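When you get a sec, could you build the whole thing from the sequences and use the hints?
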Amino acid sequence: MALIYIIEDDESIREIEEFALMNAGHKTVGFECAKDFYKKLDEVIPDLCLVDILLPDENGNEIVRKIRKNPDLRKLPVIMVTAKTTDLDLVKSIEDGADDYIKKPFSVMELISRVKALLRRTQTEVIKELSLDDLVINNDKHEVTIAGNPVELTYKEYELLSLFVINKGIVLSRDTIMDQVWGTDYEGESRTIDMHVKTLRQKLGAYGNRIRTVRSVGYVIE
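Numbered according to the working numbering, the sequence shown spans residues 654 to 875.
Bear in mind the hints are in silico, worked out from the structure with no lab data behind them. Here the structure is a predicted model, which is why all the values come from computation and not from measurement. Backbone N, C-alpha and C fix where the C-beta goes; we use that ideal spot for every residue, glycine too. Please note that a few of the clues may not be correct.
Said to hold, decoys possible - Derived pair list, reagent style DSSO-like, types lysine-lysine, alpha-carbon separation capped at 30 Å:
{"hint": "1", "residue 1": "851", "residue 2": "728"}
{"hint": "2", "residue 1": "680", "residue 2": "722"}
{"hint": "3", "residue 1": "728", "residue 2": "856"}
{"hint": "4", "residue 1": "688", "residue 2": "769"}
{"hint": "5", "residue 1": "688", "residue 2": "728"}
{"hint": "6", "residue 1": "692", "residue 2": "756"}
{"hint": "7", "residue 1": "756", "residue 2": "719"}
{"hint": "8", "residue 1": "693", "residue 2": "680"}
{"hint": "9", "residue 1": "856", "residue 2": "719"}
{"hint": "10", "residue 1": "794", "residue 2": "745"}
{"hint": "11", "residue 1": "794", "residue 2": "728"}
{"hint": "12", "residue 1": "728", "residue 2": "680"}
{"hint": "13", "residue 1": "769", "residue 2": "821"}
{"hint": "14", "residue 1": "745", "residue 2": "851"}
{"hint": "15", "residue 1": "794", "residue 2": "722"}
{"hint": "16", "residue 1": "728", "residue 2": "757"}
{"hint": "17", "residue 1": "722", "residue 2": "769"}
Unchecked claim - Now the in silico label distances, taken between C-beta atoms and shown as ranges:
{"hint": "18", "residue 1": "688", "residue 2": "772", "range": "24 to 30 Å"}
{"hint": "19", "residue 1": "875", "residue 2": "832", "range": "17 to 23 Å"}
{"hint": "20", "residue 1": "715", "residue 2": "760", "range": "26 to 32 Å"}
{"hint": "21", "residue 1": "664", "residue 2": "858", "range": "41 to 47 Å"}
{"hint": "22", "residue 1": "866", "residue 2": "691", "range": "38 to 44 Å"}
Set out below in structure tokens:
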């Protein structure tokens with residue numbers, strides 16, 4: 654059972670989210686504004702947060718940015734819930750630090766699946782360090798550096814990059830990426846992968862160009 658905070662000002666949507674997640678075995682606490690959420694966050698850190706973008710007192714993207722700036726919350730899984738569906742809006746959510754996003758309107762099964770996939774953390778890392786020339790992934794510290802300079806990645810971007818480097822030179826299909834990074838029962842759009850690869854490339858600078866798209870198949874890092 655996970656403790657999940659839901660920040661959603663629409664009471665009917667919040668109740669649906671709480672009901673669905675409680676039926677899936679989780680404990681939920683709902684908030685209609687950022688102020689109440691921050692107050693509770695100072696008391697207890699949850700296992701995951703669902704954050705609506707449009708809130709009465711603060712934009713959801715700003716909430717995520719504040720979470721990522723806090724060392725104690727840096728790894729807190731966050732799913733952005735949004736009615737905005739343009740590529741620019743979705744990319745911004747990921748760049749601000751969201752691990753995933755759900756577009757309104759959404760089905761209860763999609764919500765449960767996304768939450769389950771994000772909560773399924775990797776087990777203790779057997780490989781302590783991965784490298785690709787000057788790019789180093791340190792699993793003990795959960796950090797990525799390029800020539801000694803730190804690269805800030807979201808949880809999903811970190812998992813995605815690790816998967817690519819472990820399989821460097823090997824073309825990974827979209828199905829394989831979905832299975833390894835998002836979970837076997839995740840049935841979301843393949844655009845989710847493309848969005849994360851796009852932001853990952855940007856953050857990696859020149860190394861981002863080494864992630865190559867293989868048309869109609871998937872991706873490979875070289």
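Evaluation of the provided hints:
The hinted pair formed by residue 851 and residue 728 meets the criterion: a straight-line CA distance of about 21 Å does not exceed 30 Å. Proposed proximity of residue 680 and residue 722 is supported: the alpha carbons are some 26 Å apart, at most 30 Å. Taken as a hint, the residue 728 and residue 856 pair is honoured in the structure, with Cα atoms around 18 Å apart against an allowance of 30 Å. Proximity of residue 688 to residue 769 is assessed by CA-CA distance (about 27 Å); at most 30 Å being required, the pair is judged to hold.
Our distance criterion of 30 Å between C-alpha atoms is met by residue 688 and residue 728, whose separation comes to about 21 Å. Taken as a hint, the residue 692 and residue 756 pair is honoured in the structure, with Cα atoms around 27 Å apart against an allowance of 30 Å. Of the supplied pair hints, the one linking residue 756 and residue 719 holds, its CA atoms being roughly 22 Å apart against a limit of 30 Å. Proposed proximity of residue 693 and residue 680 is supported: the alpha carbons are some 14 Å apart, at most 30 Å.
The suggested pairing of residue 856 with residue 719 holds, with an alpha-carbon distance near 19 Å, which does not exceed 30 Å. Pair hint residue 794 plus residue 745 holds up; C-alpha atoms about 26 Å apart against a cutoff of 30 Å. A C-alpha spacing of about 12 Å is found between residue 794 and residue 728, which places the hinted pair at or below 30 Å, so the restraint holds. Taken as a hint, the residue 728 and residue 680 pair is honoured in the structure, with Cα atoms around 20 Å apart against an allowance of 30 Å.
Restraint check for residue 769 and residue 821: the C-alpha separation of about 28 Å stays at or below 30 Å, so the hint holds. Only pairs whose Cα atoms come within 30 Å are accepted, and residue 745 paired with residue 851 is accepted, the gap being roughly 11 Å. Between residue 794 and residue 722 the CA atoms are separated by roughly 17 Å; this keeps the pair inside 30 Å, and the hint holds. With a C-alpha separation of about 25 Å, the suggested pairing of residue 728 with residue 757 holds against the 30 Å cut-off.
Distance check on the hinted pair: residue 722 and residue 769 sit about 25 Å apart at the alpha-carbon level, within 30 Å; holds. The hint said 24 to 30 Å for the Cβ distance between residue 688 and residue 772, and at roughly 26 Å that hint holds. Taking the beta carbon of each, residue 875 and residue 832 are about 22 Å apart, inside 17 to 23 Å as hinted. For residue 715 and residue 760, the hinted distance range of 26 to 32 Å is satisfied, since their beta carbons lie about 28 Å from each other.
For residue 664 and residue 858, the Cβ-Cβ distance of about 44 Å falls inside the hinted range of 41 to 47 Å, so the restraint holds. Take residue 866 and residue 691: their Cβ atoms lie about 40 Å apart, and the range 38 to 44 Å holds.
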